[in-house]
Amino acid sequence: MERDMSGTRETDADRLDPRDAANLLEQTRRQAQQQFDLSSPRLSLLGAAVVLAALGAVWLSVRGQHPYKGPTAAGLVVMYAILAGWIAVVVVFTRRATAGLSGRSIRQQRAFGAVIVTALVAVSVFQGVLAHDGVSDGIVNGIYPLTAQLIVLGTAGAVMQAGRESWPGFAVSIAIIVVATAGAFAGPAGVWLTDAIGIAVVVLGSAAAQAWLRRAPVSA
Amino acid sequence: MTADGLDPLIHVPARLRIVATLAALPDGDTLSFMRLQTMIELTPGNLITHLRKLEDADYVSTEKHGNGPASRTSVALTHRGRAALDAYTETLRSLLDGL
Numbered sequence: 651m652e653r654d655m656s657g658t659r660e661t662d663a664d665r666l667d668p669r670d671a672a673n674l675l676e677q678t679r680r681q682a683q684q685q686f687d688l689s690s691p692r693l694s695l696l697g698a699a700v701v702l703a704a705l706g707a708v709w710l711s712v713r714g715q716h717p718y719k720g721p722t723a724a725g726l727v728v729m730y731a732i733l734a735g736w737i738a739v740v741v742v743f744t745r746r747a748t749a750g751l752s753g754r755s756i757r758q759q760r761a762f763g764a765v766i767v768t769a770l771v772a773v774s775v776f777q778g779v780l781a782h783d784g785v786s787d788g789i790v791n792g793i794y795p796l797t798a799q800l801i802v803l804g805t806a807g808a809v810m811q812a813g814r815e816s817w818p819g820f821a822v823s824i825a826i827i828v829v830a831t832a833g834a835f836a837g838p839a840g841v842w843l844t845d846a847i848g849i850a851v852v853v854l855g856s857a858a859a860q861a862w863l864r865r866a867p868v869s870a
Numbered sequence: 700m701t702a703d704g705l706d707p708l709i710h711v712p713a714r715l716r717i718v719a720t721l722a723a724l725p726d727g728d729t730l731s732f733m734r735l736q737t738m739i740e741l742t743p744g745n746l747i748t749h750l751r752k753l754e755d756a757d758y759v760s761t762e763k764h765g766n767g768p769a770s771r772t773s774v775a776l777t778h779r780g781r782a783a784l785d786a787y788t789e790t791l792r793s794l795l796d797g798l
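Protein chains in written order, with my numbering: chain A, 651 to 870; chain B, 700 to 798.
Same shape as in the complex, but just chain A:
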């Protein structure tokens, strides 16, 4: 047994067999990465359900409208209530993951949040401008708001993920842009359902990829 100046005892039992060391190293890395990770397969599964429920509620309120007028108040209330609950869950999860963390990535996340909020407000203001200029309800209250917001979110997410070199997250962000763009062709009522299904599929794929990556050995 050896005792150093600081009083820490290091016995033979503290020395590791190389195989035990490799297992401990991989287990510790995996646990740390999972605890610091801002996403999880379960959170993604919940996200897919939230998207389907929130956008599905709006779609139910607009399907069959001829001519298209836009979501009903009830449809919007349900959507915003579901999204508010979702945001609360994400905030709690993020705070838990980032507790005690500081430095560059935290500053980047705050800047990212500011960009998202500013861009979403700008999209809404522009929606008002379109309505003021007499653009049709199908565009102003149908295709434009959802498509523009998803393209903004996808673009900001892609830039953020590329900066972190997080390529699975980058792929999800690009897929959201593609779904939003393709969904616009479904028309003012169909865009809500098409985007709901498309994004849910993307998020479910992301959850499956995350679960698979978490089972795979951690590279050195």
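Everything labelled a hint here was simulated from the structure, so no lab data went into it.
Note that the structure is predicted; figures quoted are calculated from it, not measured.
Hints should not be assumed to be uniformly reliable.
To be verified - With a Cα cut of at most 25 angstroms, we get these calculated SDA-like pairs of lysine to any residue: (1) B:Lys752 to A:Asp667; (2) B:Lys763 to B:Leu724; (3) B:Lys763 to B:Pro725; (4) B:Lys763 to A:Ala749; (5) B:Lys752 to A:Ala672; (6) B:Lys752 to B:Glu789; (7) A:Lys719 to A:Val773; (8) A:Lys719 to A:Ser774; (9) B:Lys763 to A:Val773; (10) B:Lys752 to A:Leu674; (11) B:Lys763 to A:Ser752; (12) B:Lys763 to B:Thr737; (13) B:Lys752 to B:Gln736; (14) B:Lys752 to B:Ile739; (15) B:Lys752 to A:Gly750; (16) A:Lys719 to A:Ala832; (17) B:Lys752 to B:Gly727; (18) B:Lys752 to B:Arg734; (19) B:Lys763 to A:Ile756; (20) B:Lys763 to A:Phe686; (21) B:Lys763 to A:Gly750; (22) B:Lys763 to B:Pro743; (23) B:Lys763 to A:Arg760; (24) B:Lys763 to A:Arg746; (25) B:Lys752 to B:Ala775; (26) B:Lys763 to A:Arg754; (27) B:Lys752 to A:Glu676; (28) B:Lys752 to A:Asn673; (29) B:Lys763 to A:Gln758; (30) B:Lys763 to B:Ala722; (31) B:Lys763 to A:Gly753; (32) B:Lys763 to A:Thr748; (33) B:Lys752 to A:Ser752; (34) B:Lys752 to A:Gln677; (35) B:Lys752 to B:Arg779; (36) B:Lys752 to A:Leu751; (37) B:Lys763 to B:Met738; (38) B:Lys752 to A:Pro668; (39) B:Lys763 to A:Arg745; (40) B:Lys763 to A:Arg757.
Go by the hints and put chain B onto chain A.
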């Protein structure tokens, strides 16, 4: 170095867990002493002792913010510490390949 060629500063369970946990942070990030202690499940005294050894070797850096009860200590892996963990991992890999 140990007989196996492994860095003795890292080749101890508690310090291996400290270094591996800090290595999971993005470069440029720091972790509070409290969160590290919770994750590693060491007593404060033990954690301080192990961190001192790693700090003496310039494997980790610690920084204290504020004074009194509200003070907060943050810990980060240095470039030297990250390089040491990479070298340790490579040595482990070659040892296991040879088994």
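Hint check results:
no.	hint	in the structure
1	B:Lys752 to A:Asp667	21 angstroms, holds
2	B:Lys763 to B:Leu724	19 angstroms, holds
3	B:Lys763 to B:Pro725	20 angstroms, holds
4	B:Lys763 to A:Ala749	17 angstroms, holds
5	B:Lys752 to A:Ala672	22 angstroms, holds
6	B:Lys752 to B:Glu789	22 angstroms, holds
7	A:Lys719 to A:Val773	19 angstroms, holds
8	A:Lys719 to A:Ser774	17 angstroms, holds
9	B:Lys763 to A:Val773	43 angstroms, violated
10	B:Lys752 to A:Leu674	20 angstroms, holds
11	B:Lys763 to A:Ser752	13 angstroms, holds
12	B:Lys763 to B:Thr737	18 angstroms, holds
13	B:Lys752 to B:Gln736	16 angstroms, holds
14	B:Lys752 to B:Ile739	16 angstroms, holds
15	B:Lys752 to A:Gly750	22 angstroms, holds
16	A:Lys719 to A:Ala832	22 angstroms, holds
17	B:Lys752 to B:Gly727	21 angstroms, holds
18	B:Lys752 to B:Arg734	19 angstroms, holds
19	B:Lys763 to A:Ile756	18 angstroms, holds
20	B:Lys763 to A:Phe686	22 angstroms, holds
21	B:Lys763 to A:Gly750	13 angstroms, holds
22	B:Lys763 to B:Pro743	15 angstroms, holds
23	B:Lys763 to A:Arg760	23 angstroms, holds
24	B:Lys763 to A:Arg746	22 angstroms, holds
25	B:Lys752 to B:Ala775	14 angstroms, holds
26	B:Lys763 to A:Arg754	18 angstroms, holds
27	B:Lys752 to A:Glu676	23 angstroms, holds
28	B:Lys752 to A:Asn673	23 angstroms, holds
29	B:Lys763 to A:Gln758	23 angstroms, holds
30	B:Lys763 to B:Ala722	20 angstroms, holds
31	B:Lys763 to A:Gly753	14 angstroms, holds
32	B:Lys763 to A:Thr748	19 angstroms, holds
33	B:Lys752 to A:Ser752	23 angstroms, holds
34	B:Lys752 to A:Gln677	23 angstroms, holds
35	B:Lys752 to B:Arg779	14 angstroms, holds
36	B:Lys752 to A:Leu751	22 angstroms, holds
37	B:Lys763 to B:Met738	20 angstroms, holds
38	B:Lys752 to A:Pro668	22 angstroms, holds
39	B:Lys763 to A:Arg745	22 angstroms, holds
40	B:Lys763 to A:Arg757	19 angstroms, holds
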